[in-house]
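Top line first, the protein sequences correspond to chains X and A. For the first sequence, our numbering gives the first residue as 1, with consecutive numbering after it. For the second sequence, our numbering gives the first residue as 1001, with consecutive numbering after it.
The set of hints was computed from the structure by calculation and includes no laboratory data. Note that CB positions come from ideal geometry on N, CA and C, so glycine has one too. Misleading hints may appear alongside valid ones.
To be verified - Far from chain A, some chain X residues (derived; all Cβ distances over 12 Å): (1) 40; (2) 47; (3) 69; (4) 76; (5) 119; (6) 135; (7) 144; (8) 158; (9) 183; (10) 198; (11) 212.
Unchecked claim - Cross-link-like lysine-lysine pairs, in silico, DSS-like; alpha carbons within 25 Å at most: (12) X:122 - A:1207; (13) X:144 - X:122; (14) A:1125 - X:106; (15) A:1122 - A:1156.
Protein chains: 2
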Amino acid sequence: MPQDKKVSLVVIRRLPRYYRYLSDLLSQDIRRISSKELSERMNVTASQIRQDLNCFGGFGQQGYGYNVEYLHEEISKILGLDQGYNTIIIGCGHLGHALANHPGFKRRGFRMIGMFDISEEKVGKQIAGIEIMHTSSLESFIEKNPVDIAILALPKEGVLDISQRLIASGVKGLWNFSSVDLEVIEKGRVAVENVHLSDSLMTLAYKIQERETYKNQSE
Amino acid sequence: MPQDKKVSLVVIRRLPRYYRYLSDLLSQDIRRISSKELSERMNVTASQIRQDLNCFGGFGQQGYGYNVEYLHEEISKILGLDQGYNTIIIGCGHLGHALANHPGFKRRGFRMIGMFDISEEKVGKQIAGIEIMHTSSLESFIEKNPVDIAILALPKEGVLDISQRLIASGVKGLWNFSSVDLEVIEKGRVAVENVHLSDSLMTLAYKIQERETYKNQSE
Chain X
1 MPQDKKVSLV
11 VIRRLPRYYR
21 YLSDLLSQDI
31 RRISSKELSE
41 RMNVTASQIR
51 QDLNCFGGFG
61 QQGYGYNVEY
71 LHEEISKILG
81 LDQGYNTIII
91 GCGHLGHALA
101 NHPGFKRRGF
111 RMIGMFDISE
121 EKVGKQIAGI
131 EIMHTSSLES
141 FIEKNPVDIA
151 ILALPKEGVL
161 DISQRLIASG
171 VKGLWNFSSV
181 DLEVIEKGRV
191 AVENVHLSDS
201 LMTLAYKIQE
211 RETYKNQSE
Chain A
1001 MPQDKKVSLV
1011 VIRRLPRYYR
1021 YLSDLLSQDI
1031 RRISSKELSE
1041 RMNVTASQIR
1051 QDLNCFGGFG
1061 QQGYGYNVEY
1071 LHEEISKILG
1081 LDQGYNTIII
1091 GCGHLGHALA
1101 NHPGFKRRGF
1111 RMIGMFDISE
1121 EKVGKQIAGI
1131 EIMHTSSLES
1141 FIEKNPVDIA
1151 ILALPKEGVL
1161 DISQRLIASG
1171 VKGLWNFSSV
1181 DLEVIEKGRV
1191 AVENVHLSDS
1201 LMTLAYKIQE
1211 RETYKNQSE
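Chain X on its own, in the form it takes in the complex (with noise of 0.2 Å):
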């Protein structure tokens, strides 16, 4: 659950991280951590650790550090994970395929209750044990299968459209595959996360070209 005090969006963006490098530890069977060491596996300073976990209450104990599975307990409520989010998928191309056999989605709770398309040669066929359905029965599905997230993997074309009627439907959070900033344009009526591909390609664009800069500097 997480705090009365609002944290900031780039603290939350890393606690993700913490989850996944916590399931790591306990894999591996390691019970208990100190910030100096989990600092040294995350590249990132101590204090920081230190900082972004008391914006939800703490967790470490001087001199003893993090207790792994309590703290992944506790970062896996933070995020809702413990009880889990029903997840659709719109749009069942490659990305929406690639996404439905996802590994890790399922793991960390989130359950893929259902499959649409507009395309008639598609409904019918299954996707990771899914049957797609046409995107006209959104709505009945939803009636009667709450669904928290729902996945925009279609074209951007369709994307404002599908996201009113998800809305109106209840669903409680978007992601977003499109190229449509969403949350601009709902502004607070539904949770929204954009992946844009696009962006991030552009931003290792600009980290060769940074490199180039410094060698030839160097040289």
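We have chain X; now place chain A onto it with these hints.
Just chain A, lined up with the frame of chain X:
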């Protein structure tokens, strides 16, 4: 071309977004825009826009605003998009397939020149007009066709080995879709940008929890 002074990653991550909005403006034939107007469209403050663009030398003119085409071109140069990037994809599952067909990449100068997979079944088939090659021919291919960027769309288990081979072959940037924190491991030997899909989905989960908390508090 990046500037002499190192620009913070937070600012850099916003550049592609500016680029995206400027492309939209150009396609609507809007040639001139004030920072106020741009800020309203992008839902950020006008002062942040001015500050961000000042990191790269300004571009704005008091009382005139921004020349959209010029600014678009300058950001394109900063990101190296004007010269373009030779790009290959390793891993031709659904994700690799989706990325090869992404409409925005080619337009922005990312030229897809090779696709690789270890599965004999896939080798020889075509994706987006490119024939899939066996991963064993990676080095000989790169020797003949210099590669700037490799997209890692293969399972986590193969990522470290492939990265070593790509770096040794002179590839400049890795776009990594596996949950491995590659930049921690490679420490500056190559430019790395990770797309951690699970982290993004967990961030959405947090935003949902947060909205629910506020809703309950205000009821």
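Consistency of the hints with the structure:
1. Against chain A, the non-interface label of residue 40 (chain X) is violated: not every CB pair exceeds 12 Å, the least being about 10 Å.
2. With 12 Å as the threshold on Cβ separation, the claim that residue 47 (chain X) sits away from chain A holds: the shortest Cβ distance comes to roughly 18 Å.
3. Annotated as non-interface, residue 69 (chain X) keeps its C-beta farther than 12 Å from every C-beta of chain A; the closest such distance is 18 Å.
4. Residue-level check failed: residue 76 (chain X) sits 10 Å from the nearest beta carbon of chain A, not beyond 12 Å.
5. Look at residue 119 (chain X): its CB is around 15 Å from the nearest CB on chain A, clear of 12 Å, so calling it non-interface holds up.
6. For residue 135 (chain X), the requirement that its beta carbon stay farther than 12 Å from each beta carbon of chain A is met, with the minimum near 19 Å.
7. Every C-beta of chain A lies more than 12 Å from that of residue 144 (chain X), the closest at about 21 Å, which supports listing it as non-interface.
8. Annotated as non-interface, residue 158 (chain X) keeps its C-beta farther than 12 Å from every C-beta of chain A; the closest such distance is 14 Å.
9. For residue 183 (chain X), the requirement that its beta carbon stay farther than 12 Å from each beta carbon of chain A is not met, with the minimum near 8 Å.
10. Residue placement check: residue 198 (chain X) does not keep its beta carbon more than 12 Å from all beta carbons of chain A (closest about 4 Å).
11. For residue 212 (chain X), the requirement that its beta carbon stay farther than 12 Å from each beta carbon of chain A is not met, with the minimum near 7 Å.
12. Proposed proximity of residue 122 (chain X) and residue 1207 (chain A) is contradicted: the alpha carbons are some 32 Å apart, above 25 Å.
13. Among the hinted pairs, residue 144 (chain X) with residue 122 (chain X) is consistent with the structure: their alpha-carbon atoms are about 22 Å apart, no more than 25 Å.
14. Pair hint residue 1125 (chain A) plus residue 106 (chain X) does not hold up; C-alpha atoms about 31 Å apart against a cutoff of 25 Å.
15. Distance check on the hinted pair: residue 1122 (chain A) and residue 1156 (chain A) sit about 19 Å apart at the alpha-carbon level, within 25 Å; holds.
Consistency note: the structure conflicts with the earlier hints numbered 1, 4, 9, 10, 11, 12 and 14.
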